[in-house]
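Visitor: Read off the chains here:
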Amino acid sequence: MQFGLSESQQILKSNARKFFAAECPMSEVRRIMETDTAQDKKLWRSMAEQGFLGVVFPEEAGGMGLGFVELAALAEEMGRALVPGAFLSNLFAGAALHAAGATKHLAALANGEKTGTVAMLEANASWDPAAVHMPTLAGEKLFVPDAASADLIIVAARDASKQALYLVESHAVEKIPMPAMDLTRRLYKVKFDHPAAELLIEGDAARQALEHALSVVTVALCAEMTGGMQRMMDIAVEYAKTRKQFGKPIGQYQAVQHQCADMLLYTESARSAAYYAAYTMTEGSAEAPTAVSVAKAYASDACRETGNRAVQVQGGMGFTWENDTHLFYRRAKASEIAFGDATYHRERIAKFVID
Amino acid sequence: MRAWFGENVPKDWVKRRDEEESMLGRFEYLRGWQRKLYDAGWAGISWPKDFGGRGAPVMEQVIFIEEMARAEAPPMANVIALGLIGPTIIAFGTPEQKKRYLAKMLSAEEIWCQGFSEPNAGSDLAALSTTGVLDGDHFVVNGQKCWTSYAWAADWCELIVRTDPAAPKHKGLTALLVDMHSPGVEVRGLKQMSGESEFGEIFFRDVRVPMANVVGKVNEGWGVAMGTLMHERGTFGAALQVNYKRNFNRLVEIAKHIDRNGKPAAQDPVIRQKLAQCYAEIEVMRLNQLRAFSRINETGVPGPEGSIQKIFWSELNQRFQQVAMEILGPYGQLAHGSPNAFDEGQWAYGYLRSRGNTIEAGTSEIQRNIIGHFVLGLPKSY
Chain A
13 MQFGLSESQQ
23 ILKSNARKFF
33 AAECPMSEVR
43 RIMETDTAQD
53 KKLWRSMAEQ
63 GFLGVVFPEE
73 AGGMGLGFVE
83 LAALAEEMGR
93 ALVPGAFLSN
103 LFAGAALHAA
113 GATKHLAALA
123 NGEKTGTVAM
133 LEANASWDPA
143 AVHMPTLAGE
153 KLFVPDAASA
163 DLIIVAARDA
173 SKQALYLVES
183 HAVEKIPMPA
193 MDLTRRLYKV
203 KFDHPAAELL
213 IEGDAARQAL
223 EHALSVVTVA
233 LCAEMTGGMQ
243 RMMDIAVEYA
253 KTRKQFGKPI
263 GQYQAVQHQC
273 ADMLLYTESA
283 RSAAYYAAYT
293 MTEGSAEAPT
303 AVSVAKAYAS
313 DACRETGNRA
323 VQVQGGMGFT
333 WENDTHLFYR
343 RAKASEIAFG
353 DATYHRERIA
363 KFVID
Chain B
130 MRAWFGENVP
140 KDWVKRRDEE
150 ESMLGRFEYL
160 RGWQRKLYDA
170 GWAGISWPKD
180 FGGRGAPVME
190 QVIFIEEMAR
200 AEAPPMANVI
210 ALGLIGPTII
220 AFGTPEQKKR
230 YLAKMLSAEE
240 IWCQGFSEPN
250 AGSDLAALST
260 TGVLDGDHFV
270 VNGQKCWTSY
280 AWAADWCELI
290 VRTDPAAPKH
300 KGLTALLVDM
310 HSPGVEVRGL
320 KQMSGESEFG
330 EIFFRDVRVP
340 MANVVGKVNE
350 GWGVAMGTLM
360 HERGTFGAAL
370 QVNYKRNFNR
380 LVEIAKHIDR
390 NGKPAAQDPV
400 IRQKLAQCYA
410 EIEVMRLNQL
420 RAFSRINETG
430 VPGPEGSIQK
440 IFWSELNQRF
450 QQVAMEILGP
460 YGQLAHGSPN
470 AFDEGQWAYG
480 YLRSRGNTIE
490 AGTSEIQRNI
500 IGHFVLGLPK
510 SY
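In the order they appear, the protein sequences are chains A and B.
Just so you know, the numbering used here puts the end of the first sequence at 367, numbered straight through with nothing missing.
Just so you know, the numbering used here puts the end of the second sequence at 511, numbered straight through with nothing missing.
No lab work stands behind these hints, which were simulated from the structure alone.
Check each hint, because a few of them may be wrong.
What the hints assert, rightly or not - Now the stretches of chain A that chain B is said to cover, found in silico as 3 or more residues with beta-carbon under 8 Å:
1) 14-23
2) 255-265
3) 297-311
Note that beta-carbon positions come from the ideal geometry of N, C-alpha and C, so glycine has one too.
Only chain A is shown next, with the shape it has when bound in the complex (with noise of 0.2 Å):
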């Protein structure tokens, strides 16, 4: 019993760290995000040689086949790097294509020939699979990120009483821009009026496999948000060193020393939830369900808190265009709102603990 990264692992998230830095620098993350999709064809074949999109999946589906605490320490280091595109979304996809047994589509989401996106939010905009009312693909979905750049997008719908998951060419549906606070991931309202579809799976067996889905995708996202949390305390930490104000750098003072402690308290209490919750989806434990809302709901709240005491240590300078700063803490309120919210994964925890 050892909580802490394998060798292996660690070789991993050197091996990331090390490939984002020179792949995927800040000067790259502010060029992409300015194209219309902020997703780059090149970072994006650079990441699928290097296996990265396909980490969690089986080898006989183009995958690495390694376990989820794998997926977080590359998250980790794509959160640290601020990599724009579709690399959740996608992964979503797959989680979907997986539980569904689609083998044949997840080959492709793994090995980088196609992306892939979910279409799940509704005007209710409830990140419940139960709150999935669209009846078979006529309709329209909200907030379904990189809907424009995906190749296939799986659709959650409910065919009478019943849930189900199609697949639809991208191509076939109106996508239509939401503009939105994370300039590094887009988010688009997708129209559906009967595009051509395949079913992929229905009933509670559709149910349980967006849960599944969910479940993967959110646990990346937290420890994208870890290396998130880590990168702007880093900027703020080194500002804090540096800056002088009364003949002395501002790190100094209490007041300004201590907000950086508490971005360390939050920054290593998220990292603890999010590889905890991998490691439980990993061993397929009971507790999973359970975990994952807690290093989501931990991480929500804290992720945002160090944000904005990121921003509040640097103060003029933190608050400008020209400081990467503020790129982490537009992602950090989206990856905060994205499949569920401190308040929506507090109420599924009670559900777990309480009732």
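Got chain A sorted already, so can you dock chain B onto it with the hints?
Guide: Structure of chain B alone, referenced to chain A:
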């Protein structure tokens, strides 16, 4: 381990804790329980075999704590010795000291306290002024310590004294093991806002301490004291999760039986949010501790990042106790002895007691200074 707990965990602990009037009565009960654990070989899982321990890796100690929590077992009595001073002697002590003291810590035959804080040396511990003057092969100790937990029960004390007044403040200190039954030692209770006298003051008047009782080297006591404090911050909180989980489960039970807006509080969305947040934070505290133990397993010592655990357990308990007050409503304020009080007034006590959490074992402010300077590398603020 689980089987042993199943057969041996006393079922009357919570009732005894809540009903027993005297602190000493509760203490003797826990002392008996620790003795039982010691006899079965559970008291010092990661301590050396030669000194009454099991010689197992530190992670097995973690499993033990988790099983204690699962079994809702009572805590052990000699907490300062087990959590702080024992590990300090293991790290810095002579073979003779290890042989003399460790096993009796585990069996709770000798209870320990930690003589660090003084009236004029709290957060600025290195400013302490209790003196140790060499006289032949003894130090003669004079001065006063305060806020000393378990001083009233202690047979021994890890005492930090100034042995070189001319040296810079961190360089003239020495750590001594002092027999609390020595002539010249006087203990007075210090009544806390919660009404108990868990802490005490200790007065030393010409107390003679043999040189053989120096831990580490003379005038290098600051390093020894820091070793003790690293354990206090880094790992001491692990044992607390046993209490936290039990308190949480009990509060959930209460929330099912107290109404709020015409239905049980446990069904009220606001209360559910607050309880779930407590659950999440207790989990995060447990996981932070697990990671801290894993690092100790690799490096052998807790690092300055242990201050994170100290802040976390103390601030979490204050938030938890406030949630308990909200759920209990008018019942929350009821003290021991009141009719209709839940759990014999434990909640009112727990709420008041939690205010001390962010002060004892280093204030939250000092912990944030430590994180700022020693972990994040910011310039020292003082």
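Visitor: Could you tell me which of the numbered hints above are not met by this structure, giving the numbers in increasing order?
Guide: none
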